[in-house]
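Trainee: Protein sequence lines, in the order shown, are assigned to chains A, B, C and D.
Throughout the first sequence, residue numbering follows the numbering used here, covering 1081 to 1539 in sequence.
Throughout the second sequence, residue numbering follows the numbering used here, covering 1081 to 1539 in sequence.
Throughout the third sequence, residue numbering follows the numbering used here, covering 1081 to 1539 in sequence.
Throughout the fourth sequence, residue numbering follows the numbering used here, covering 1081 to 1539 in sequence.
Treat the hints with care, as some may be off.
It does not matter which identical chain is used: a pair holds within one copy or between any two.
[Claimed, not checked] 25 angstroms max Cα-Cα, derived DSS-like pairs, lysine-lysine: (1) K1535 / K1126; (2) K1456 / K1132; (3) K1456 / K1429; (4) K1133 / K1220; (5) K1157 / K1521; (6) K1157 / K1363.
Read the hints as simulated data drawn from the structure, not as lab findings.
There are 4 protein chains.
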Amino acid sequence: MSHIRSRFSKPPEEMVIHYTSSLPFDYRLYPEDIQGSIAHARMLAKQGIISKKEAREIENGLLAIKTELDEGRFEYKTELEDIHMAIESRLFELTGDVAGKLHTGRSRNDQIALDLRMFMKERIAETSRAITNLQAALVKKAEENIEVIMPGCTHLQHAQPVLFAHHMLAYFEMLERDRERANDCLKRTDVMPLGSGALAGTGFNIDREYVAQTLGFGKLSNNSLDAVCDRDFVIEFNALGSIIMMHLSRLAEEIIIWSTPEYSFIELDEAYSTGSSIMPQKKNPDVAELARGKTGRVYGHLIAALTTMKALPLSYNRDLQEDKEGLFDCIDTLLMSLNVFAGMVETMKVNRERMALAATLNYTLATDIADYLVNKGLSFREAHRITGKLVNYAAGNNKQLEDLSLDEYLNFSDCFEEGVLNINASSSVEARDLPGGTATKQVTRALEKARAVLKNNLG
Amino acid sequence: MSHIRSRFSKPPEEMVIHYTSSLPFDYRLYPEDIQGSIAHARMLAKQGIISKKEAREIENGLLAIKTELDEGRFEYKTELEDIHMAIESRLFELTGDVAGKLHTGRSRNDQIALDLRMFMKERIAETSRAITNLQAALVKKAEENIEVIMPGCTHLQHAQPVLFAHHMLAYFEMLERDRERANDCLKRTDVMPLGSGALAGTGFNIDREYVAQTLGFGKLSNNSLDAVCDRDFVIEFNALGSIIMMHLSRLAEEIIIWSTPEYSFIELDEAYSTGSSIMPQKKNPDVAELARGKTGRVYGHLIAALTTMKALPLSYNRDLQEDKEGLFDCIDTLLMSLNVFAGMVETMKVNRERMALAATLNYTLATDIADYLVNKGLSFREAHRITGKLVNYAAGNNKQLEDLSLDEYLNFSDCFEEGVLNINASSSVEARDLPGGTATKQVTRALEKARAVLKNNLG
Amino acid sequence: MSHIRSRFSKPPEEMVIHYTSSLPFDYRLYPEDIQGSIAHARMLAKQGIISKKEAREIENGLLAIKTELDEGRFEYKTELEDIHMAIESRLFELTGDVAGKLHTGRSRNDQIALDLRMFMKERIAETSRAITNLQAALVKKAEENIEVIMPGCTHLQHAQPVLFAHHMLAYFEMLERDRERANDCLKRTDVMPLGSGALAGTGFNIDREYVAQTLGFGKLSNNSLDAVCDRDFVIEFNALGSIIMMHLSRLAEEIIIWSTPEYSFIELDEAYSTGSSIMPQKKNPDVAELARGKTGRVYGHLIAALTTMKALPLSYNRDLQEDKEGLFDCIDTLLMSLNVFAGMVETMKVNRERMALAATLNYTLATDIADYLVNKGLSFREAHRITGKLVNYAAGNNKQLEDLSLDEYLNFSDCFEEGVLNINASSSVEARDLPGGTATKQVTRALEKARAVLKNNLG
Amino acid sequence: MSHIRSRFSKPPEEMVIHYTSSLPFDYRLYPEDIQGSIAHARMLAKQGIISKKEAREIENGLLAIKTELDEGRFEYKTELEDIHMAIESRLFELTGDVAGKLHTGRSRNDQIALDLRMFMKERIAETSRAITNLQAALVKKAEENIEVIMPGCTHLQHAQPVLFAHHMLAYFEMLERDRERANDCLKRTDVMPLGSGALAGTGFNIDREYVAQTLGFGKLSNNSLDAVCDRDFVIEFNALGSIIMMHLSRLAEEIIIWSTPEYSFIELDEAYSTGSSIMPQKKNPDVAELARGKTGRVYGHLIAALTTMKALPLSYNRDLQEDKEGLFDCIDTLLMSLNVFAGMVETMKVNRERMALAATLNYTLATDIADYLVNKGLSFREAHRITGKLVNYAAGNNKQLEDLSLDEYLNFSDCFEEGVLNINASSSVEARDLPGGTATKQVTRALEKARAVLKNNLG
C-alpha cells in the first residue's frame, strides 16, 4: 500500500479502507491477473526491458502465489485494496525487489481492464454452453412429446391447437438469439487493453501484439484513453443477461401456470419442487418462481452499470470499480438458472391427456371454420362474422364446435358441407403446414434443424 | 428439512438446494428470528396453547442458539434452506420434540415477514442517525466558513456570489427530506404480521396484540393474504435509499470538481484520498467517486425489487425470497456512504481565497447591476438588456464589471450613478436578504434552525 | 427570445431550438403559470415594487391569455422555448412594456419549480381520489360476494380456502398504503419556492409568505440553491406511482388467470374485453393486460428521473427540464389505469360455483387436519408429518380429504375422532377467526372499517 | 371495429377505448403497414388465393390511403384501436367488400410484428448514419487541432499530457462500437414474421419467401409462436440506445466542465448555447446538459421494455402494445442527440493556450520522471517512490517539475542527469509511441484509420 501513497503522510481512515476495498469480490480475478502478469513479464524480457532471469523469478513467484490461492492458503490482507495489490504485495515478499519491475510499462488501469476481459471471455463461453444445454433439454422434451397437442394461447385465452413440441421450440428460438447475442458481445470483449498504461499509453518499448497472442486475444484496443475506461462489454453482457432472464421468466411463468391444479398440464419432478412448512399437500414450483424473481436482480445489475457509467469524464474514475459485483452476480445467476432449468425441463412430466382435452375446448377451432368458409369463397371478414355467430350459438347452448351437426352449421351459412365435420384439433394443427407453422411436418423439420444447431454449438 | 417435504419421496437436486437456499444471506436475520420466536412462544403459553414449561424449554433453547450464533459457533448446514429452518432444526437437536410446538399457529410466511420488518425498523433508525451525522458535518463546515463567498452556479457557469455556508445548507435540506422519508417508511414498516399464517390466518386462539406489544410494534396487519406478501416497505426503503444516494452523488460530483487543479476550491484530507500506482503526484477523490458510482447499485436494487414484485399473484410466492440481498446491500451501502461522507466533509479544507477570487469572475454581479437599474425605475427586461450590452463591452475589453468606471457605465444608461461602483460580491450576497436567501443574516438564521433540528434528531 | 439572449449575436440552430424546446409538453402548466404570475404581480404591487395600476394591467393581460389558452386560440410559437416564455411574450404583445416588470424578483428557475409544484399538488389529490374509487369498487365486489369461498393460493398452488371478499380486501390494503404514500409525498410537494430567484434569492423586497398564502401553500422553501433544483417530489411521485402500478399488475395478473377457461373464476364484462381479428371466440382481458404492461412504463419513468438527477452539481442545470414528460405520462397512466380498473372490477362477474368447487380441491383442508391433530395434543411438526402421509394416501387413491372415512383416518393416527369428518371449506374459513383472518366475522368487520375509510377519504 | 367484436353484444366503455387505443402513436407505422399489405396482397394473388383483379383493387385502395396519410387528409377515428384497423376500415370505405380479403392468411399479430420490424430496419440504418456523422465531426475537430496538447485526466485529476486529438478519438472508438452493435441488432431485426398468423401459422397456401424478398428481408422467422411475441429486437435497440446515450453523456459532461470559467478549455458556439433570463452574462451549455439529462429517458425506456416482457406467457399478449412509445421516443432522442452533437462539436472553439498551460500543471510529468529513472535501471516501484518525494518537494516549494534544477533532482537520486531537464509535455506525449498511444505518429495513424472507417460507413 505504502508505495502507492508515496506522496502522502497519512494513512486512510479505517472505514475508508473498508469502503474502497474491492478485494472481497475481485479476488475472483486472480487466475486472470496472474496469467496476464506472466504474459506481461515474458514480453518485458523478450523486449529486453527486464532480464530473462528477472522474468523467470517473477513468473515463478506468480505461480507460487497461484498455488497458494488455488489451495486456499493465500492470506488476504484487508488493507490491500484489491487483488492486484494483494498479489503484487505477496510477490514482493516472495521475490524481493524484482517484483517492482513487473509493473514496468503497465498501470493498474490497463491491468484491471485486461483481467476483466479475460474473465469475461471465459464466462461468455460458459454462458453459451449453458444456453445450449437448456436448448438440448427443450429439444429432447419436444421430441419425446412430438404428437402431443395443446391449446395455443393468446392473452392466455385458448386460441388454436398447437403441438407442444412447437411451443417448446419457441423457447429454443429465443435462446438461439441469446446465444448469438453472446457471440456478438464476445467480439467486443476480445480486445487486449494492456499497453494503455494509466491513460496515455506507455513510454516503454513494449510489444502489445505479443501479449495479445500469448493470451489469445483477437484484437488490440485502438485508443488508450478509451481502453482504460471502456466498460461497454460489461453493460452489454448485463443487457444480454437481462434478455436471457426475461426469456426464462416467461418459461417459468408458463411452468407455474401449467402446474396449477386448474391446468395440470405438467408435473414437476420432486427434485425440482419444494413442500410447505404448514401445508403438507403442497408441491410448489419454487425453482421456476425463484428464476422468475431473479429476473429483477439481473435487470437491476444492468441499470446499475448504466447508471454508474453515466456522465463519467475520461478516463479512469474510481466509479468503475462498481462494474464487478453486479457483473459477477449476473453471471452466477445466469449460469445457475440456465442449468437448473435444463434439469427442470428434462425431468418434468407432460400430461398429454389434459393438454389434448383442453386443446379444442373454448372454440379453438373457430379459425379453422372461418378458413373453411374462406376456402368456399367468402371474404375473410365475412367468414369471421359468420363464425362469430356460430360460436355465440354454441356457447349459448353449452356445446363445443365439434358437437354441432351439419344442420346447425347450415343455419349460419349455405356454404357449409360435410367436410366441416372433419375439422378437429389434429386437422387444425396439420393445416398450418408452412415454414414456422405448427404442422407436424414443419415441427419435425424444425427439430432436425435444432439438432443440427445443437451439434454445431456443442461441437 | 424432512418435515417440510412430508409428502415427497425424493430429495431435491444438489444444484436446486444451492439455487433455492437463502441461508447465505438471511442468516443476518437470526437475532430477529429468535426474538420473534420467543415472543411467539410466550404468547402460546399465555394462551394455554402450549404449557409454560414447554415455552420455557423453547425459550432456553432459542437463547442457547442465539449464543452459538453470536459467538460464531453455530454450524450452518447448507441443506437447510433458510435461517428459520436452520434455527428450528437446531432447536430440535437441543430440546427434542417440544421444538415441534413452536410452529403452532405460525407459518414461515408470516415469520419471514415479521423478521424482516423487525430488522428494517432498526435499520431505518440507523439510517436516520447516519443522515443526522452527515447533516452535522455539513453544519459544522458551514459554521466554520460562515464568511466564505463562492460563485453560485447554474449550468456549472458562474451566476451569482453565494455564501459557501448557504451551499452546504442546500445539502442539509436534501438530507432533511431524506430523514422525513425514512420516518414515513417506518410507519409502514412498523406493522406486525404474525398471525397471518401461511396466507389465511390461523385456527389457533393466538393473541396478536400481545406479540405486537412484546416486540414493540405499533400496528397489526389488517389482512392475512396481504401481510404475507406485502413487500412495499422493502421497495419504499430502496426508493428512499436511491434518493439519498442521488443526493450524495451530487455532493460527490461537486467535491470531485472542486478538487481539480482548475478549481482548487477544496482540498480533501489525505485520509479520504488515494494515490496512483503510476502517477505519484495524484491525490484522487476516490471516496467521492465510489459513492457516485454506488448510486447505480442502489438504483439497481430498487428496480430489482420492483421487477420481482411485478404481476405476482397472491399470496406468497418464492419470488419474494429475492427481496433480501438487494435490500441488505442497499442498507450497507447507505450507512457506509453516509458515514464516510461525514468524515470526508468534516476533514476537507476549504480554500477561501480561491473561492473568493472566483466569486466575482465571469460577471456574476450582472444581476445586481440589472437589479440596480430596476430600482432606478427601468423594467426588468429593459434592465436586463442594458446589462447584457455592458457585459459584452466588458468582455470585449477584457475587464470585469468591477473594473468599469462610472463613465463607462453611463455610456449604456443615464440611470447609473456613483452607487453602482459599490456593487461587489459582498453587497450582492447581503442583498439577498429574504427567507431562503444567501444573505449572512438569513444563513445564520438557517444554521440556528439546523442546529435545533440536529439537536432534536439526536435527542 | 431576444431578451434572454441579450449578449448573443447569433440565433440558435433550428435543430437546437427543436432539441431544447419544452413547449410541446410544458404547455400543460399554463394554468399554474398564470395563477402563479398573478399572485407574484399582486405581491409586487403590495410591496410597492410595481404600481397597483401596473399589477392590474399585468393581471388583465394574463387573464386574457388564459382565455386564449382555454379556448384553444393561443398561438404557440415554436421558437419560444417554453410555456413561460410563450406567455410572457404574448403578455408583451398585449400590454406592452409593463410586461417587463412581471419578472422583477423572479427567475424562470423558481417560476418553473413553482408551477410544477402547484400542478403536482392537484394531481396528487386526483390520484388519491382515483385510488379511493378503485377501493370502493373492491369493497362493493367483496360485499356482494361475502359468502363466496375460493381457494387461497401460495405459489399459485391451492393452499387453504379463503373468502373471496378477504382476497379483494388484500388489494384494498395495498391501495390504502398507496394513498398514505401519496399524502406523504404531498407534504414534500407543498413547499413554495418563489423568491429563490435563479439560485441565490432576490434582492427585491418581496413577501414570500403572502405569495404562499395566496396560492395555498403550507410551507416556504428553506434554501434558494436547493429550491431551484429540488426534484425529489418528482422522483417520489414516480416511486409511489411505480408501487401503485405494481399493485395493479398483481390484480391484473389474477384477473387474467381467473379469466382463463381452465380457471373460469370470473367473467369480465364485454365493455372491458376485446375480441380477436382472426379468432371470433376470443374474449380477451386486454385492459388487465395493458395495465400489467404499463407497469414497465412507470418503472421506466422512475429510473429516468433518478438517472437524470444523478451527480448533478448545484444548482439549476438544463437536465432538469427532463423532469416533466415522464412525470406527466406517469400521472396520466396512473389515473387512467386506476379508473379503468374500478370499472372492470365493478362489472366483473364472479363465478361462485367454480370458486367453491376449487376451494377444497387439491387437499386445501390439510392444514385444518393438522391443526385438528395439534388440538388433540400432537406437536405441530408431528401433526404435519401425519397429514402429509394422509394426503399421499388420498392422492394415491384419487380421493379428496372429504372423501375419506373415519377408518381411513384412523389408519394414520389414533387421535382422529368423528369431528374430523366435519372439516370442510366453510369450517376452515370460519376457524381463522382472528384480526386479519379470513373468518366471515373478521372479514365483515374489515369491510366495515374499509367503508369508514372510504367515507373519510371521500368526505 | 364491429367485425372484430363479432361475438360481443356490447361496445367497450369510452375510457376503455381511450385506454387501449394505440392509434395516437402507432400511426407512424402507416408507410410500413401499407407497403406490407401490398406485398401480402400481391402474394395472395400470385398464389391464387385472391384474384389478380382483387389484388389490384386492394393495392390501388391502399395507395390512395397512403396519399391521404402523406398529405395529412386521412381522418383518424378514435374508436379504431390502431393504425392497422384504421387503414383497413378506410379500405372498406374505398373498395367495398374486397377489402375483407386482404386479411386472408394474416393476423394482426404477425402484421404488427412485420410493420415494426420494417420500421426498425430503416431506423437502425438512420442511427448508423447519425453515428457516422458525429464521428466525422470528432475526426474533423481532432485533425484541426492535431498539435494541441491537454492534460489527460484520471479521477478528473491531471495525470499525463495527451493530444486533444487522442481524446476526441476515444469518443470515435466508443461510437464505432455503437455502430457495430447497431449492425448486430439489425441482423436480429431483419426477420420476416408474416405467415405466423395469430400464433400457429396459417392454413392458407401462402408464400413466405416471396413476401420476404418483396420487402427486402434477409430471413424468415422460424417459429410462429415466437414470431408474434418476440420483442428482443426492441429491447436490444433500447439497450444499444442506452449505451449510445451513456457515451454522449460522458462527452456532454466533459464539454460542460471544459466550458466553465475555471477550465475554459473550449468555447461553444452561440448557436449551441443559451442565455439566462436573469443573468445576462451567462452562456450556458444547455444542449450538452439536455443530452446528459436525456440519458435518463432512454435508460427508462430500456427498463420499461424489459419490465413489460417479464414473465409473459406465450404467445401474443396485449402488454406487447407497450413496446412502441418508448421505442419511438428512444429513436427520436438518439437521432436528435447525435445530430445536435455533431453540430456542437464541429462548431466549438478549442482554446489551445489554456489546454497547453494546464497540460503540465499539477505534476503531470511525474510518470515521465519515474520512467526516466526506470530507464536508468531502477525498479518501477523504486522510481515511483523517488518521484513521489520529488513531487512533494516541488509542491512544498510551489514549483512545477519543469522548474527544478539538476541539483534539486540530484538530491533525490544519483541517477538523474542533464536529460531529465528535457522532459516536457511534448516529450511526454511523443514517448507514448505504441499502437493506441498518444504520440503524434500514432494519433495521425489512428486518424487515417478513422477516415477510412468513415469513408466505408458513408459509402
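Trainee: All hints, please: hold or fail.
Mentor: Now for the hints, and whether the structure bears them out:
For a Cα distance limit of 25 angstroms, the shortest separation of K1535 from K1126 qualifies neither inside one copy, at 42 angstroms, nor across copies, at 38 angstroms. Taking CA atoms no more than 25 angstroms apart as the test, K1456 paired with K1132 passes between copies only; the shortest distance there is 18 angstroms, against 87 angstroms inside one copy. In the homo-oligomer, the alpha carbons of K1456 and K1429 never lie at most 25 angstroms apart, since the shortest distance is 42 angstroms inside one protomer and 39 angstroms across protomers. Within a single copy, K1133 and K1220 get their C-alpha atoms no closer than 56 angstroms, and across copies no closer than 48 angstroms, so neither meets the 25 angstroms cut-off.
Taking identical chains as interchangeable, the C-alpha atoms of K1157 and K1521 are never at most 25 angstroms apart, the minima being 64 angstroms within one chain and 44 angstroms between chains. Taking the shortest Cα distances, K1157 and K1363 sit within 25 angstroms of each other only across copies (23 angstroms), while inside one copy they are farther apart (47 angstroms).
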